[in-house]
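Residue-level listing of the chains:
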Amino acid sequence: MAKMNMLQAINNALDIAMAGNERVLCFGEDVGAFGGVFRATSNLQQKYGKDRCFNTPLVEQGIIGFANGLAAQGSFPVAEIQFADYIFPAFDQIVNEAAKFRYRSGDLFNVGGLTIRAPYGGGIAGGLYHSQSPEAYFAHTPGLKIVVPRNPHQAKGLLLGAINDPNPTLFFEPKRLYRASVGEVPDGEYQLPLGEAEVLKEGSDVTVLGWGAQMEVIGKAVDMAEKDGISCEVIDLRTILPWDADTVADSVLKTGRLVVTHEAPLTGGFAGEIAATIQERCFLYLESPIARVTGLDTPFPLVLEKEHFPNHLKVYEAIQDSVNF
Amino acid sequence: MTTTKSKTVYTPAFTDGSEYRIPTFKLLKQDGSLYKGGKAPDIDQEKALRIYHAMVTTRILDERMLAAQRQGRLSFYMQSTGEEAAIVGSAAALDDADMIMAQYREQGALAYRGFTIDEFMNQLFGNELDYGKGRQMPVHYGSATLHYMTISSPLATQIPQATGYAYGQKMAGDGQCTVVYFGEGAASEGDFHAGLNMAAVHRVPAIFICRNNGYAISTPASEQFAADGIAPRAFGYKMDVIRVDGNDILAVYQATEAARKLAVEENRPVLIETMTYRLAAHSSSDDPSGYRSKEEEAVWREKDPILRMQHWLKNCGWWSDDEEKELQERLRREVLETMKRAQKRPPPPLDSLVSDVYDEVPPALQAQYEKLKAHIRKYPDEYPKSADHVIGGA
Chain E
5 MAKMNMLQAI NNALDIAMAG NERVLCFGED VGAFGGVFRA TSNLQQKYGK DRCFNTPLVE
65 QGIIGFANGL AAQGSFPVAE IQFADYIFPA FDQIVNEAAK FRYRSGDLFN VGGLTIRAPY
125 GGGIAGGLYH SQSPEAYFAH TPGLKIVVPR NPHQAKGLLL GAINDPNPTL FFEPKRLYRA
185 SVGEVPDGEY QLPLGEAEVL KEGSDVTVLG WGAQMEVIGK AVDMAEKDGI SCEVIDLRTI
245 LPWDADTVAD SVLKTGRLVV THEAPLTGGF AGEIAATIQE RCFLYLESPI ARVTGLDTPF
305 PLVLEKEHFP NHLKVYEAIQ DSVNF
Chain W
97 MTTTKSKTVY TPAFTDGSEY RIPTFKLLKQ DGSLYKGGKA PDIDQEKALR IYHAMVTTRI
157 LDERMLAAQR QGRLSFYMQS TGEEAAIVGS AAALDDADMI MAQYREQGAL AYRGFTIDEF
217 MNQLFGNELD YGKGRQMPVH YGSATLHYMT ISSPLATQIP QATGYAYGQK MAGDGQCTVV
277 YFGEGAASEG DFHAGLNMAA VHRVPAIFIC RNNGYAISTP ASEQFAADGI APRAFGYKMD
337 VIRVDGNDIL AVYQATEAAR KLAVEENRPV LIETMTYRLA AHSSSDDPSG YRSKEEEAVW
397 REKDPILRMQ HWLKNCGWWS DDEEKELQER LRREVLETMK RAQKRPPPPL DSLVSDVYDE
457 VPPALQAQYE KLKAHIRKYP DEYPKSADHV IGGA
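Quick mapping for you: the protein sequence lines, in order, are chains E and W.
Heads up: the first sequence runs through residues 5 to 329, numbered per the numbering used here.
Heads up: the second sequence runs through residues 97 to 490, numbered per the numbering used here.
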């Protein structure tokens, strides 16, 4: 075990993947000798050479199109999009190509080796274009997997899981936690399962569900609620698509209440999908309406970021409202 | 149906286009004298000093605001150091009512148009007077009165938009054109191709100015494209193109002036590649020591575009050391005083969170806003930027 921050854990996962399989390649804008603007790919070019870790021209649609081709050929591309906000020029390559490669060819061809890494989320004074959480756009696309880690240990295990998963996977990294989140990470190779939520804390009064950086926010809110005598069950969804409805439903059948939180706007956010499924599966057990604590239905602001943000106070209030409904 | 008018040959002859090398247009040597055979554009003293003033303003603003960022007074900053001639020189050759669509490093064009230091500061600090209402990161300026489209961070998106804007100008017959700036890195985006191809097909009055400054963050131009710069791409679109020494204020001015004539009088879009160097870091978040040498930077410091213009002004008898000293001191003082003023101003009001998403706030968003206000009333100490405003009754 070693203490690592999330960037080091991601770098370590990439290192292990490249060492273990020479068909794993890492590329994107500034990821080569410089090691990426956040340094997630530090020293990989030095270690594995320019053919396996390299800078691309500045063209996101090209990066993902290129990665699709590589994956179809049997390689394991790990493509970096510098910020999740800049993934949209590649939307066509992800939504119409990566997600449908296997289906449209009757499984003659697939891009299962593809992993797309992108830092997402707010809280870093990034304004409109360095703060977005675009997971819901992609969650509407069958054929993709979407994974979001909450800490260094999870980041390493889930990223290795994503690289080795035989489906194209989007791996959204909570950049606010890149250096802020530090924890023990096992040294060697390990994989954490995709498609499985994790119950972080058992409780009886209310289920509080999130993913990625929101798990830290939930932690603070739950500490406040527990001081009020509310017993919270905390779940990290970890994989947005395909998502683990069983674990969430089992929890809500027990607690009768659900609070879901994400940074992305309310309308069309993934919390809506969760709420619809859970009310279907737990209707007669629900003690209060499923609450969503999210960003406003606006672009991500700058100066008033704190007001916009679904912070621990807003989550705490939602827990209170849910229990006192 | 094929549209080529090519000759037929009977052996497989390939070409990579390298038989035609695009030359670089220069007028001004570093000592302020003209190259032999070069003729200075028709710029009078007043105009020359307006250009110079904008360049020096930009340089000082960049120096002071990076320092302010380092002191923690500002969240972020981007300098344009070394590229002032490419930016101001081209803006100066336009009509002041021509549309400018910039990338994010073209504060010099705004300074030339008359954006005040107060206006720069209000955006940088995102205060209540920021035209963008504190929503975007620093340096995302915009001014409707100065015909300067508000900056968007995603790269190259402004390029096809410039083509569309220029088409609208052509339809309106208003005699204006659109000038769009972008870096050599952004030129790799698909939007570059879309924008230039459509401009050539639809014959729009647009000028595409590439600031080839050598780097896209850490990525050198040599890893961005295999070709000889950006200029040769114009051939593929059948677009007029010129490559200019971007640190040469007179060459940039003259090239842009001529390009504007082609664009406005003949609806011929033009690509201008200005060869320059990003002397500063990409942004305050970047440290170039990780990817390039001090020696390389030093070579380009010797080609300082502002000093080059200063030498020329002095050769013309239009500028003196005393005037230089006075200008520098005055601008430094003004920047500092203005910064203090802007920093003290309150942030935009809370309702700026929900306005302008649409022309009117939709009911669902209004409900979210009411809920937010109730929340802030309950926890006023947690929201110092907006609590007074909410409790004040807005």
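Treat the hints as calculated values from the structure; they're not laboratory data.
Heads up, some of the hints might be wrong.
Unchecked claim - Here are the simulated lysine to any residue pairs, SDA-like style, with alpha carbons at most 20 Å apart:
{"hint": "1", "chain 1": "E", "residue 1": "K318", "chain 2": "E", "residue 2": "D227"}
{"hint": "2", "chain 1": "E", "residue 1": "K318", "chain 2": "W", "residue 2": "D477"}
{"hint": "3", "chain 1": "W", "residue 1": "K334", "chain 2": "W", "residue 2": "L358"}
{"hint": "4", "chain 1": "W", "residue 1": "K399", "chain 2": "W", "residue 2": "S389"}
{"hint": "5", "chain 1": "E", "residue 1": "K205", "chain 2": "E", "residue 2": "M228"}
{"hint": "6", "chain 1": "W", "residue 1": "K357", "chain 2": "W", "residue 2": "V297"}
{"hint": "7", "chain 1": "W", "residue 1": "K481", "chain 2": "E", "residue 2": "K231"}
{"hint": "8", "chain 1": "E", "residue 1": "K231", "chain 2": "W", "residue 2": "L358"}
{"hint": "9", "chain 1": "E", "residue 1": "K54", "chain 2": "W", "residue 2": "F321"}
{"hint": "10", "chain 1": "E", "residue 1": "K310", "chain 2": "W", "residue 2": "D484"}
Unchecked claim - If you want the ones that stay clear, here's a sample from chain W, every Cβ over 12 Å from chain E, calculated:
{"hint": "11", "residue": "I118"}
{"hint": "12", "residue": "A252"}
{"hint": "13", "residue": "P328"}
{"hint": "14", "residue": "D417"}
{"hint": "15", "residue": "K421"}
As the list claims (entries may be wrong) - Just a sample of chain W residues kept apart from chain E, beta carbon distances all over 12 Å, derived:
{"hint": "16", "residue": "R231"}
{"hint": "17", "residue": "Y311"}
{"hint": "18", "residue": "V337"}
{"hint": "19", "residue": "Q424"}
Even glycine gets a Cβ: it sits at the ideal position worked out from N, Cα and C.
To see whether the hints hold, each was checked on the structure:
{"no.": "1", "hint": "E:K318 / E:D227", "verdict": "holds, 13 Å"}
{"no.": "2", "hint": "E:K318 / W:D477", "verdict": "holds, 14 Å"}
{"no.": "3", "hint": "W:K334 / W:L358", "verdict": "holds, 14 Å"}
{"no.": "4", "hint": "W:K399 / W:S389", "verdict": "holds, 16 Å"}
{"no.": "5", "hint": "E:K205 / E:M228", "verdict": "holds, 15 Å"}
{"no.": "6", "hint": "W:K357 / W:V297", "verdict": "holds, 19 Å"}
{"no.": "7", "hint": "W:K481 / E:K231", "verdict": "violated, 28 Å"}
{"no.": "8", "hint": "E:K231 / W:L358", "verdict": "violated, 73 Å"}
{"no.": "9", "hint": "E:K54 / W:F321", "verdict": "holds, 16 Å"}
{"no.": "10", "hint": "E:K310 / W:D484", "verdict": "holds, 15 Å"}
{"no.": "11", "hint": "I118", "verdict": "holds, 20 Å"}
{"no.": "12", "hint": "A252", "verdict": "violated, 8 Å"}
{"no.": "13", "hint": "P328", "verdict": "holds, 16 Å"}
{"no.": "14", "hint": "D417", "verdict": "holds, 41 Å"}
{"no.": "15", "hint": "K421", "verdict": "holds, 37 Å"}
{"no.": "16", "hint": "R231", "verdict": "violated, 5 Å"}
{"no.": "17", "hint": "Y311", "verdict": "violated, 10 Å"}
{"no.": "18", "hint": "V337", "verdict": "holds, 20 Å"}
{"no.": "19", "hint": "Q424", "verdict": "holds, 31 Å"}
Violated hints, listed in ascending order, are 7, 8, 12, 16 and 17; each of the other numbered hints is respected by the structure.
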